[in-house]
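Participant: Heads up: the sequence lines are chains A and B, in that order.
With the working numbering, the residue at position 209 of the first sequence is 361, and numbering never jumps.
With the working numbering, the residue at position 8 of the second sequence is 34, and numbering never jumps.
Hints are supplied without guarantee of correctness; some may be wrong.
Taking lysine to aspartate or glutamate pairs in the DMTMM-like style, the calculated list, with each CA pair at most 20 angstroms apart, reads [unchecked claim]:
no., chain 1, residue 1, chain 2, residue 2
1, A, 165, B, 164
2, A, 354, A, 429
3, A, 332, A, 397
4, A, 165, B, 175
5, A, 165, B, 158
6, A, 313, A, 357
7, A, 165, B, 176
8, A, 332, A, 306
9, A, 226, A, 171
10, B, 61, B, 185
11, A, 165, B, 153
12, A, 332, A, 404
13, A, 332, A, 319
14, A, 230, B, 185
15, A, 354, A, 278
16, A, 316, A, 278
17, A, 226, B, 185
18, B, 61, B, 158
19, B, 61, B, 175
Calculated Cβ distances over 10 angstroms to all of chain B for the following chain A residues [claimed, not checked]:
no., residue
20, 153
21, 167
22, 211
23, 242
24, 246
25, 256
26, 413
27, 424
28, 475
Here are some, though not all, of the chain A residues that point toward chain B, as calculated from beta-carbon distances under 8 angstroms [what the hints assert, rightly or not]:
no., residue
29, 161
30, 262
31, 336
The hints are simulated quantities; they were obtained by calculation from the structure and are not laboratory data.
C-beta: ideal position from N, C-alpha, C; glycine also.
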Amino acid sequence: MASAIALRFRSGKFSRDFDFGGINLLLNYDEGCLSDCGYCGLARTRPGDYNDKSFIRVEWPLVRTDELVERMAKHESKLTRLCISMVTHGHAYRDTCDITERIAARVKTPLSILVAPPTLNRERIEHFKAIGVDMIGIGLDAVTEDLFRNLRTDVPAGGLKWEKYWEVVMDSREVFGPWKVNVHTLVGLGEADQDLIELFVKLRDRQIFPYLFCFNPEPDSRMAEHPKSPIQRWRRVQLAKHLIETEDWDLDRFRFDADGNLLNMRGDESFVNGVVDTGVPFVTNGCPGESGEPGCTRPYGSYRPSESFRDFPFVPTGDDLIEIRQQMALDDVL
Amino acid sequence: MTNAHTTGHEILVEVSGYPVAVDRMYHADSHMWVKRLTPGTVRVGLDALGVETSGTLAQLSFVAVGDELARGRAFGQLEAAKFVGPLVSPVSGTVSRTNDAVVTDPGVAEHDPYGEGWLVELTSADETELADLLGTPEAITEWFGRTVEDYRLRGVIAE
């Protein structure tokens with residue numbers, strides 16, 4: 153919906169005043185997505201007509217590709233990043249290539265693809281690069297093999313394979329190079345802090361970005377009643393990920409209890425406080441714009457406008473930082 | 027301005043592609059309309075442009091019946107897909123009724139902003155404040171048309 157507002161397909165405004173130019177596109181098919189992930193609004197067995205289904209809890213207005221490309225060209229000066237989200241469908245690869253080529257012919261804004269691994273092989277990934285794709289995202293979402301199996305494989309119409317996802321991650325890394333691949337990790341599906349932090353280190357060591365997403369229950373999905381991650385935990389995970397990715401912290405800096413809950417971060421207190429004060433750890437994780445600035449910022453993507461920002465589509469300062477500090481209770485883990 | 031017609035209890039005209047009811051008064055900044063029901067009692071709602079620029083409505087909530095409102099104070103909250111903000115009272119008064127229909131389904135305020143999509147009713151509305159509102163069809167349509175053009179230039183509404 154934010155993208156539809158930015159391209160003026162829909163009227164609307166944001167609660168706060170910030171620049172926005174990260175356009176997220178989602179492929180649409182009459183048959184819908186053929187996957188059935190327990191937390192996803194597009195899940196095949198989620199009740200309701202596919203065209204009425206939400207994804208990350210908002211409506212995705214349907215537009216024609218020609219019209220979309222025209223609007224992108226018209227508003228190019230304010231666009232920072234484009235992203236096409238594939239879904240699991242037999243035509244998704246063909247159509248993603250077609251849309252990419254049509255966009256790349258008219259617009260220079262860097263373009264990412266959030267891929268559907270079941271539709272891909274290495275040759276297809278190489279073709280994405282050849283036609284102008286800048287970055288590849290893989291929606292792993294569930295950060296352990298057990299969770300992945302329970303939510304995405306062993307489900308009514310599931311069948312997604314953990315191994316296939318990682319094959320696409322590693323092929324993409326080889327084809328696209330360092331820091332050109334990102335793995336989406338969804339916080340709050342039932343994983344432990346240790347699971348997340350171990351994955352962040354593993355990805356960082358391979359020069360792959362972990363992108364954080366906050367689980368936000370979709371009405372009528374199988375996880376509709378599953379609670380969101382408490383904000384305190386979410387803030388600490390945001391900080392831990394930033395310290396690993398930007399400050400090169402390793403696993404030995406973090407101490408966990410027997411259940412994998414984060415107990416302690418071993419770092420100089422004033423240094424860590426300085427990192428928090430930058431506000432950067434709490435900005436939305438997304439592919440950068442042309443100059444390295446946050447490009448894909450998904451405002452209100454995992455929280456309602458009436459709730460606290462989970463991630464910020466701008467660098468938080470002032471009162472926002474005060475609130476973040478209160479939510480995080482950093483002293484308890486330093 | 028084209029196509030003046032009556033629908034239900036409203037007298038609607040079309041201005042720059044939007045319906046405007048000219049049988050009531052308007053507070054320009056808040057996009058709230060005010061319609062007299064009986065002496066001292068008014069009904070308040072959000073005009074079509076206020077609804078449009080908010081985006082798809084998700085939730086409307088109101089203060090309690092009996093609450094005293096001063097002009098410019100919030101009588102509720104509007105939440106849309108990407109926006110949340112106060113519903114600002116265009117006049118002072120006491121809340122005598124709130125519209126349960128729009129609380130249950132905010133879409134009613136989108137589809138029928140001048141009729142079934144009204145928001146609250148106030149008693150003891152201040153007559154001097156009512157006089158400050160836009161109150162003639164000419165003033166209303168001139169303001170509305172100018173505002174639509176301004177919003178289009180600023181990219182606030184869909185193309």
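Participant: Any hints from earlier that this structure breaks? Give me their numbers in increasing order, please.
Facilitator: Result: hints 1, 2, 5, 6, 8, 10, 11, 12, 15, 19, 20, 21, 22, 30 and 31 break, sorted rising.
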